[in-house]
Each structure stands twice: as C-alpha cells, then as structure tokens.
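4 protein chains.
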Amino acid sequence: MSSTVTPSRSSSVPKIPVGVLGATGSVGQRFITLLRDHPWFELTCVTGSDRSIGRRYGEAAHWALPDAMPSAASNLVVERTGRGLSPQLLFSALSSEVAREVERDLAAAGHFVVSNASAHRMDPDVPLMVPEVNEDHLGLLERQSFPKGGALVTNPNCSTIGLVLALAPLHEAFGIEALSVVTLQALSGAGIPGVPSMVALDNVVPYIGNEEEKLETEPLRILGTLGPHGIEAASFTVSAQCNRVAVSDGHTECLSLRLRGEPSVDAVTRVLESYRSPTTAHLPTAPDLPIVVTDQPDRPQPRLDRDRGGGMSVTVGRIRPCPLFGIKMVVLSHNTLRGAAGGSLLVAEQVVAKGLIPGLRAPSPAVRE
Amino acid sequence: MSSTVTPSRSSSVPKIPVGVLGATGSVGQRFITLLRDHPWFELTCVTGSDRSIGRRYGEAAHWALPDAMPSAASNLVVERTGRGLSPQLLFSALSSEVAREVERDLAAAGHFVVSNASAHRMDPDVPLMVPEVNEDHLGLLERQSFPKGGALVTNPNCSTIGLVLALAPLHEAFGIEALSVVTLQALSGAGIPGVPSMVALDNVVPYIGNEEEKLETEPLRILGTLGPHGIEAASFTVSAQCNRVAVSDGHTECLSLRLRGEPSVDAVTRVLESYRSPTTAHLPTAPDLPIVVTDQPDRPQPRLDRDRGGGMSVTVGRIRPCPLFGIKMVVLSHNTLRGAAGGSLLVAEQVVAKGLIPGLRAPSPAVRE
Amino acid sequence: MSSTVTPSRSSSVPKIPVGVLGATGSVGQRFITLLRDHPWFELTCVTGSDRSIGRRYGEAAHWALPDAMPSAASNLVVERTGRGLSPQLLFSALSSEVAREVERDLAAAGHFVVSNASAHRMDPDVPLMVPEVNEDHLGLLERQSFPKGGALVTNPNCSTIGLVLALAPLHEAFGIEALSVVTLQALSGAGIPGVPSMVALDNVVPYIGNEEEKLETEPLRILGTLGPHGIEAASFTVSAQCNRVAVSDGHTECLSLRLRGEPSVDAVTRVLESYRSPTTAHLPTAPDLPIVVTDQPDRPQPRLDRDRGGGMSVTVGRIRPCPLFGIKMVVLSHNTLRGAAGGSLLVAEQVVAKGLIPGLRAPSPAVRE
Amino acid sequence: MSSTVTPSRSSSVPKIPVGVLGATGSVGQRFITLLRDHPWFELTCVTGSDRSIGRRYGEAAHWALPDAMPSAASNLVVERTGRGLSPQLLFSALSSEVAREVERDLAAAGHFVVSNASAHRMDPDVPLMVPEVNEDHLGLLERQSFPKGGALVTNPNCSTIGLVLALAPLHEAFGIEALSVVTLQALSGAGIPGVPSMVALDNVVPYIGNEEEKLETEPLRILGTLGPHGIEAASFTVSAQCNRVAVSDGHTECLSLRLRGEPSVDAVTRVLESYRSPTTAHLPTAPDLPIVVTDQPDRPQPRLDRDRGGGMSVTVGRIRPCPLFGIKMVVLSHNTLRGAAGGSLLVAEQVVAKGLIPGLRAPSPAVRE
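Chains as they are written, first to last, in this note's numbering: chain X, 1 to 369; chain G, 1 to 369; chain U, 1 to 369; chain Z, 1 to 369.
Some hints here could point you the wrong way.
[What the hints assert, rightly or not] Output of the computed footprint for chain U on chain Z, the stretches with three or more beta carbons under 8 Å from beta carbons of chain U:
no., stretch
1, 323-335
2, 347-355
[Said to hold, decoys possible] Among chain U residues calculated to face chain X with C-beta under 7 Å, some are:
no., residue
3, Ser118
4, Met122
5, Ser188
6, Ile192
7, Pro196
8, Ala200
9, Leu226
10, Ser248
[To be verified] Computed far set for chain U versus chain G, every beta-carbon distance over 12 Å:
no., residue
11, Ala64
12, Ala68
13, Glu97
14, Gly110
15, Asp123
16, Leu141
17, Gly224
18, Pro278
19, Lys354
Just so you know, the hints here were simulated from the structure itself, not pulled from any lab data. Just so it is clear, CB atoms sit at the ideal spot from N, CA and C, and this is done for glycine as well.
Next up, chain X with everything else stripped away, as it sits in the complex:
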C-alpha cells in the first residue's frame, strides 16, 4: 500500500475535507473523535436528524464519550443528510433504515461514501471491507455505475470484523471447513439509549436482533474471492450464537474451528503470530499488529485488551485443542473502534492511498501520528 502513496514531505497538500452522516449518535461521536488531528482528513461537515439540523454540533449532540468533544466539531452547523453536502468523502454512521434510503443516492450524486451501516453490505456491487483481509474486493467498485466518481463501500458488523481478522490468516494458511462461534458482546454495540440499565445489570441477554444472521453470512463474503461475476462467498458453514453482557466496549468471541489438514495448536499459533499486513501497515489508523496473540491463560479480557493497537488490533488467546472441531480460541476486539468508526476510517485511508477517489491523494506520508 505504501508504494501507492505519494507523500508530500511538506504540508503543502491540504487535508481532505470529510463529512460524517448521522454524526450525533454514538457511532457518529466515535467518528468525530477519531477525526480529531487525523493527518489526512479534516472534518468539515456533520449531518443529523431534523431535531438537530441548523444547530451547532456542540449543542445538538448529547456527547457521551470520555474524550472531550473536539472544538473543531463543536462549531460545525448540523446539516441535513442528503444531496448538496460539500465534502466528496462521506462517512456514514446512519441507522440502517436511513442508510438504505440515502446512501446510494449520495453515491449517485458523486460522493464517495464509506458506510458503517448494514443496509448495503450484501449488495452484489458493494465491497464489504476489512482492509487487511480483502483489499482486492475494492475491484468491485468497477461494477458500480455511479457517475462522477461516486461510490459506496462498507465495513462489516462489529462482531464480524474482529472475527474475520482472526480467521483470515487461518483461512489462507489452512482453509476453514466449519466454525461455531458464541459471542459475548458489549453494550456500546447497541448505541444510546440502547440496552436499559435495568436489563443489563446483573444479567445476560442471549439475543441480539439479526446479529446471528450477519455473523453467519458476512464473514463468508469477506473471505470470498472476487471473480468475473462478483464476490464468490467462501463455502464453509458458520453457526453463531450472540449474547449481550454487561461490558462497555469489547466483543469477546469463543470459537471452535475445523481447519483443513487438522493443524496443531502450535501451527495455528504460529500463523496468527506471524500475521502482518504490509499493504495497510502504513495507513494512519492501522495498528502495528493487526493480531496480537496472548498465551496468558485467562486472556483476552475486554477491560485489559480492548485498547490494544489503539483499539484496532484483535487479541487472540486460549488457542487449544477442541475435541469436536480441532481448535478452540477466544477472539476479542473493540467493537466501536475496530468494529465500527475505526474500521470505516481504515477503509477510507486504504481507498485514498490506492488513489481510488478521483482527485484526492494522501496529504502526508502514510505514517501513523
């Protein structure tokens, strides 16, 4: 990836203006935070619901993150989500319903939309991206018929991203034949208000609407191959069970895996430990290590491991034999950083670094601040 970046050593190339759609919600707030001091992007536009339009972002957003609201964002006036927005590059933190209505229309109006919403993830012509994993799927953009460089790219569901990042090197090295996964998902995945506290406290909810369906299909698409007729999904079977637990951030996933050739625990561990992603390593939001492997017996844990790599690494632990499938392991990832806003940001960085947005190029060396 870094080879495609033509950095300007000086700061003569200005930052790329970007907008955040649905900026007042919890994912939107994460976008706003991650864009503070971003070396390539500059937030110049935020959109929100009718209630917020025309008000200063600092007033319209009920800010709920520990980091203080960036002052640059605070003074932006909230705009309507629709045609006429100024930045070419737009991040979508819209709900799936709204996304279904407007995202394709915005692409048709010439915007390059990077969306965290689920609405169009499985559309045949829309890349569903985990940048380290399926860069070649960006080739799908040639199948999009939007005018003037408009495009629509998506990132997966929060529980899918961490899972796929851990699976990808194993699928490449061995081939996955079957996967059983049980998740223990964080409350932030449901946004705010989300799960009522009286439901979350001292409790587990063994159900998250549509989550198991996403987890049983999205990984197959991402690990699939781009062929002449679009993405051909990977062919193994996934069975998912999803639970909500009293954790703020960080999805824990318990995996049982059948791999071709029945590799040993050591072989699996070596593949995960040696995994690198040279094409994305130099993007500003990329972590040093996409996968961190731990051999501590009681790790990964959300509190202790969710923030590794700035919240962009997945941590894999407890790699051990499974009497049914061959390999068991635990995968942890930060659901609102790697699993949402950070994931989208990395997609946008990849797209810019590859020169896929006409007229836009990375304004500085692709070195993480």
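Please build the complex by placing chains G, U and Z on the supplied structure of chain X, with the hints as guidance.
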C-alpha cells in the same frame, strides 16, 4: 418416588438431624438457608475451619446472603470437621482439597455424606447424582465398602447440573451425538472472596480453572448407564468453553447439539416441554417442573429466570436450528441453588425417600412446603 | 388500627375489586405482583396507553420482573384511563403528566384514588401518606369536595418514604432541627427504559431531575401537623443531594442530623429500635418492624437489606456522632416496594381498615398472609 | 516553579534513576505505568514481598492494567524493600503496615522517599503534599533530622487529594467554616483483590475502614499553615461519610460548604474557574488545569470526567445553593492517578524542580511530554 415414601400423617416422626461440613463458606451458607424450616431435616451441627471452631456460628460466619441467618443456626457451636460428629447425615460444602482428605473417612465412620465437592465425583464407586436423571446410579452404593451404613454420594459441578437436566430427556428420546457448549457463568460460583470486583466490573474472563474439563466429563458419567462393572459413561463428545461474566447468580449456557435422527426444533421442544420426573416430583426441594421452556425470543435471562421453581428449575429457550449440528438452544440454571446446595439437598431427599439410609425415614409426607 | 377492622372469620365477605392505572409500566407491574393473592384486594381492571388498550395485559405488558406475571392479570383486557372504570378503588401508577390530567377527574367521578404519582402530592387538600407516620393526615379528606365518596390520596417519592420513616420517631422523640441528606439511588427508580446501560455501567450520575426538590419539601409536609387550615409543614431545613448509582433496587441515604437536645448515639439508637406502629402493624402489607436497626459496621447494603420485611422495612445503620450536626446514620429502603407500589398498597389498606371508603370493609382479619 | 528549573536543552543531563517500593501491587503498577517515558525519571529498581524477590518483575507482578507492562520494568529483578537500594529517589507504594516499619529507616539511610502510604502522613515533621496547594509545607523538611539528604514526604489519601484541590482556592478566597462531605468511592481504591465482586455488584457498601477519619483530618493539615512549631492545622470542622460504589476509577464527592461571607454561586464558580497553579504548571505530570469546572447539570461523572488532564485534574460541577450551608457542589477526581501514584509523582517533580534533593536536578525543560 412418592410410592416409596411412607409418610407419617402426624408429626410424630421427628425430623432427621443433619450437619453441614464447611458451613461458614458461601455454599455452606446456602445449605444453612435451605435447611431453615425444611420439613424433613433439622440442622444440628456445623463444622468450620480452625479459625471458627468453638465459636457460635452467628459469630464465626461472615454472612453474605440477603436472607437473614436462621436463628437456629446462629446459636450452633462450630465443630471440627472429622470423626465424632453427631448426625448420621452430613452435607459437605468443603473445598475439594479438604473433601479429599475427610469425606471417605467420615463415610468409613458410618456417616452418610452428600457432597457438593468435586474431589470424589469421578470415583468409580461414588454416585454422581442429578436426582431426576440417574436415580439408578444410586445402585453404586452397593459397591461402597463403608461399614455401618456409611456412604458417599455427590452432586455435579454447578455448570454441569443445569446442562445435564436439559440434556437428559433429549438423550433419552433421540441420543446425543455431539455437544458444543459455551458458558457465561455467575460470580457466585467462585465463592467469596472469589473474583475481585476490579476484575469482574465491565469485563469477561474467558477462563475458569478446571471447569471445561469437568463439563466435558461429568455429563457423560451422569448420562451413562450402571452396568456390572460400574458406570459406563455415555459416548458422545463434549467441547466446552467457560467464561465468567458480571452476573451474581445464574449460569447461562449456549448449546449446539447433534441428535440422532436430526429431530426438528418442534420435536425437541415437545420433548423438553413434556419432561416430568415422577420419581422426584414429591420431594420437598423438587420444583414443579424440572425444565421450563420459554419461547420468548430474548430469554432465558439470569435476572428474570434463575429463580424459577425456587431456583431448582432449569429454563431452556431459543431452541432453533443450527447449521452445523442441527439444534441450538440456551440453558439457564441457578448455580448455587440447583447447581450446589439445592442439588445436594435433593439428592439427600431422594436417598431418604428410597430408604437408603438405615434407620432414617421421611418424617412427613413428601410434599413440598 | 386493628381495632377498627371488623374481620369476617369466614371468607363470606368477598374481596374488594381494584384497578391499576398505568399498569404496563414498571411501577404498574409491581402493583400487579403485589396484588397477587392479596387477602383483601382483587385485581379486576388495568389501564394503559393507546398502544395497549383492547389488548390482553399479558400481551400488552413487556413484563420485566423476576416473578412470573400473575395469570389473573394476564387475561385482563387493558382499558382506557378515564371515567367508566368499574372498581371504586384505583391505584395510580401513572406518569406525573397523565396523573395531573386524570386523577382529580376520576375522584370527581366517585373513585377512591391512591396515587404513586407526584402530580398532586403537595395539593393542600391531598394527604401525602406514610401510614405508620401520619395517619391523622387522612383527616384532610374532609376538605376534599369530590362527590359520591370520591377521594385522592398519595404516597411520597421513593427517596422520601424511607427517609421519613426513619426520621419520624426521632422527630417525635427529640425534634429535628436540620437535615443534610445525600442519596445513592437505584436504577429502578427511573423505570424502563430509564437510565441507559452505557450511562449506568462503571459510573455515578450526580443528578436526578426534581429529586432534590422533592426530598427537601415532601418530608416537611409528612412530618407536619394537621391544623384548622390544613397541613402545617414541619419547620426544619433539609438540604439534599441525589445520585444515581449502579444498583437495581434499594436507595441508600447518608444523613447528618441536628436533633433538639443533642441526644447521644445510644439515645437515638434506642428510639429507632423501639419504634413500633400499632395502628398499622396488622395491615396485610405492613412489615413486622417498620425500622430495622443494624449495628454491623458495613450495613445497611442494598443487596443484603433491601428485602427486609418483604421490602417494606427500612434498615438504619452506622448511627454515629457527627462533628457538625450531632448524629450521622445510613438509611436504606426498597424504592419500588416500600418506595412505590408497596407504599400505595399500605395506604389503601389503612384507608379500608379505617372504613374511609364508603361501602368497603376489610374482607378478612387484618393478618398478613 | 519553572524559574527554579535549569533545563538542559540537549539531553546531556541523564534521567534520574528512581525506585518503586511495593511495585507489584495495584498502586505500584500505576507508578510503573506513569514512569514509562517520564522525561525526568528512569525506573531502575523495584521492590516486592518475599514471594517476588529475585524474580523478574514481568513474572512476579500479576499485571492488571489495560496498558501493557513497560518492557523496561518487565526485566528488572525484584529486590527486597530495605537498605541497600541503588536509587536515591524512592516512591513508596507500600501498605501502611510495611511503610511504618521501613520508610523512616530508608530516609535515615539517605533516600529521598515520596510515599503514598498513610503511615507517616500526620507525623509532625512530614510534609503532606498536594503540590498546587501547599508548596510551602516542604519547609518542614528542615525539621527532619535524616542524614545525608534523606527525607520523607507524603501525599494524602485518595479521597482527600481531589477534595483539597477543590477546597484550596475557596479557602484562600473566602475561608471555609464547615464542610459536610459524602463520598462515592471507586473499587480501585481498595486495590486487588480488594472488594469481592459479589459484594460490589448491584450494591453500595456504606463503610470504608478509617476513611472517614482521614477525610476529617488530612484536609485540615494540608490547608494549614507552616509556623515556627510546624503545621498549624486549619480550624474548620469536617464531617465525612464514605461509601464504596461499583465504579472502577474515580471518586465522586458531594459537598456542602459554609464559606465566610456567604459568597454567591457565581462568586464561588469564578474562583474555581480562575484557579491556576503557576508554580507547578510546568511540571511534567501537572495538568493544564488543576480544576475543571463544568456547568452541565448531570456532571461530573466518573466515566466521562475521571481522565481529564490525564487523570490529574479534578472536575467540579453542580455548584448550587445549599439551604443549610450556603454552597453545594460535586467534586470528582481519579483516585489512582491524581489520588495516588500520579499525586506522588507530582510531589517528586516539585521537589526536584525546587532543587531539594541534593545533587539531583531536572534533566530537561519542565515541559510535559
């Protein structure tokens, strides 16, 4: 079971004196609470560690349950765990280490010991009991060579009991071929002090020492058959992954099951819904329904379902197809009631009702108070 | 109080039909639960919002309590909140906004309304009742001008009730001169959805809307005296600070008190320990002891003490000297039992026992089931 | 303060070697983390209990912080706490018992000890420091009779530091006459294992051993004046009530204050907002603003505000009238950063910057990295 009970209509038959070994710990406290006003048993003896011996129980125990300490227990003097205790029937809430040292010796001294400890569960001559499931395993007592009616009976690990209770009717109706289970276990299972609050808060710990091993072996023994050479374990494979979550009481277990003949979700549901246990139904601690089936999409939940049947029922929900194994479901049970002290109590009631303790018989009709 | 009850030894006197206004909400559900098997009252009517009207209660209510929904309630059809309801006696679990609109109108239509809503608590002609404390305030009913036996009685805010119950004997014995109180209030006080879990987890919210105002005024009214011109409020000053903490049920309140004559810790303790309420002791919902005093150094605690007296007792502990005011103590009470539905129920029982509802009398001895 | 620093623009002056006593515990781990990349100090020595001595720190410490253990610390060999340690400057994270035995002895051996332990805080010759507040108290060091530049300085209890920082400007501007404070303290203040999770979950514990005594005395000493006979404590009365709540980090304190002259809410707010600490502002660990004032009605909150100023600022909110004392407010501070390890570090920086440790001077400009 009720047929084997010869109740006295009057209260002329006195209650059976019982003792609790390790009475000051968290499981011990549950025993004390459950024995309050028990129609058959009367607590007359408590034992504890050196620190507690000779003190009144009310002073020695750091009481940690919402129910007030029963006054009868409060005034008992804590005795040493060893030979010379007065009651024939003893409940063991000892740690596994202490249990290994003393339980067989107490049986050798003529006590009938019902133990919640793991030390002797897999001993070839020791019944590992879930009363509704494997009453015939009590036949193992004939293989015990303790004098004077001494005996040792155990109940399973807290995460095993609820699981087995849900599996038993399916194993009988169809035959289980494979089981993958991921648990989300309550903090009370670790006792007090147990898990530090700084570890439990906003966190998941994907590891519980020795728990996966127990869960992969105990169910096979309980669902096994008593033959001429002892228990022949059931032959299916279990793969377990165990997690600690921020829940006070109630273990949630996510199951994927392969059943012989690939029965439908409806067939599985019918078997679970129609399950009854006539031989134990009239024991004082038995729940009306051993298995409660729910069709609410987001149940069972620990907060809402752990206390069903006085904490002695397991609740099964989310019965649905599994693309890998055929059937997925969620099982919830109360880990310190059904899964520990309540489970032991039910074993003792079964043993008494069957007349297996020489000289002891149920002092009143086996009707739940 | 018991002397005014004319119980029928037989069950020949039928139970009194009652209705619950706003029955689908969280306080409404508590009413439904408490009315199950109530010896005097029988639930025959539930009302709800437009969304629920005409549906079976079992379908309309999103049930959120551990106790299963009573089957009798489940089959009632939800009615509109307004004139034409059948039972004379109505419990109001309405929001304050709706209560303001309809409660006086229902009283004008001849209903005896016992309300948990705050709308009319401070109305000059409306008794604000803690039954053990200010029975004489029922005399205010003579000032109400509703026809046909209609009436409106209220119970205080959840954080006020427990506080006043602990203050009353001290105010009577010594006279309160000043009170500083800081609360740590449970999440259930905010209902469902109430506080978002992402706000409650690992957090304290040092603000509850209008709560400090209520806590600084309601106690003065309840501890006031009924004179020729209505209630003359007690004259001491209260300063309140209210916090929301991650507790499901049970409000903890830290008090600093200046009492007339500067009584010792022992004197204060004796007054609280010896407090009884003979006029309410025999009402079905009354606890054995309105005030439980603990001398354990780290009590009361919500988990361990909120359910004392069936959730109707307040627990007082840590009575100790205060270098500023004289006495410090901690008061704990169950906010949705004593502090809401249970409090209303006790008011209704008191009113019935006193024969204040024309034509209604207690159908059985005023003995707690 | 910056005027007393003689920075070297180049890195020619080496960093000052420091040791951490009791480095494996939870406060010790915070010291280790804060010393990573510290511009002045370099960790070269760690001590621990018998169990740890001789082992690598990376093995001996059960690391419990989200930040990975600094690799430099990981390879240090744990030494015995006692004479013979190499660094002159030692931070003490010892328990109070051990601190009482060894800290004065280490000072007598020529070490400059900055201690977080409570053992010697109230010793007449030991400065109890909040660097922004009572720099002049360092004059007490002249009363210490340790040879060879040995010295002992302490920082206050975790709940005292944040409180005093908020009180100091008010005491200076108006004079405090009385203070009633109720705390809601975080679990991390009890260390690990600390509070059992079964005690912390869904609960409040209204008691912390010795905490109220510290909170009623330490602030008076810190706000006192250094006179010819040592520290003359401030003379107002403090009444404290301390509670443990289910929060990981961040102590919330509810204050009622009587100030001389009964200043208005606006006057109090202005004093707090305009507070600066020029003598410490340029120390590496000092926050930009010691006091952050918020006017949001539901702030400060631990989750959202504890990390302000890198965990070194206190946040003050809800400044409002108190009918009893004049002013109420809520103060929040991070108990293990500002309230423990960070507080000690700031003291050490102040001492070094003032040139009070013979032979040691700040190796770089006192600019925060």
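Taking the hints in turn, this is what the structure says about them:
1. 323-335: That given contact holds, which follows from 5 residues of the stretch 323-335 of chain Z lying within Cβ reach (below 8 Å) of chain U.
2. 347-355: violated (count 0)
3. Ser118: 20 Å, violated
4. Met122: Check failed: Cβ of Met122 (chain U) comes no nearer than 28 Å to chain X, outside 7 Å.
5. Ser188: 6 Å, holds
6. Ile192: This hint holds: Ile192 (chain U) lies near chain X, its Cβ roughly 5 Å from the closest one there, short of 7 Å.
7. Pro196: Hint on Pro196 (chain U): holds, closest Cβ of chain X at ~4 Å, below 7 Å.
8. Ala200: Holds. Min distance 4 Å.
9. Leu226: Result: violated, 38 Å to nearest chain X Cβ.
10. Ser248: Since chain X brings a Cβ to about 5 Å from Ser248 (chain U), closer than 7 Å, the hint holds.
11. Ala64: 7 Å, violated
12. Ala68: Answer for Ala68 (chain U): violated, closest chain G Cβ roughly 8 Å.
13. Glu97: 29 Å, holds
14. Gly110: Gly110 (chain U) clear of chain G: closest Cβ-Cβ about 39 Å, beyond 12 Å.
15. Asp123: 38 Å, holds
16. Leu141: Per Cβ check, Leu141 (chain U) is outside 12 Å of chain G; nearest 38 Å; holds.
17. Gly224: 35 Å, holds
18. Pro278: 24 Å, holds
19. Lys354: The claim stands: Lys354 (chain U) keeps its Cβ more than 12 Å from every Cβ of chain G (closest is about 32 Å).
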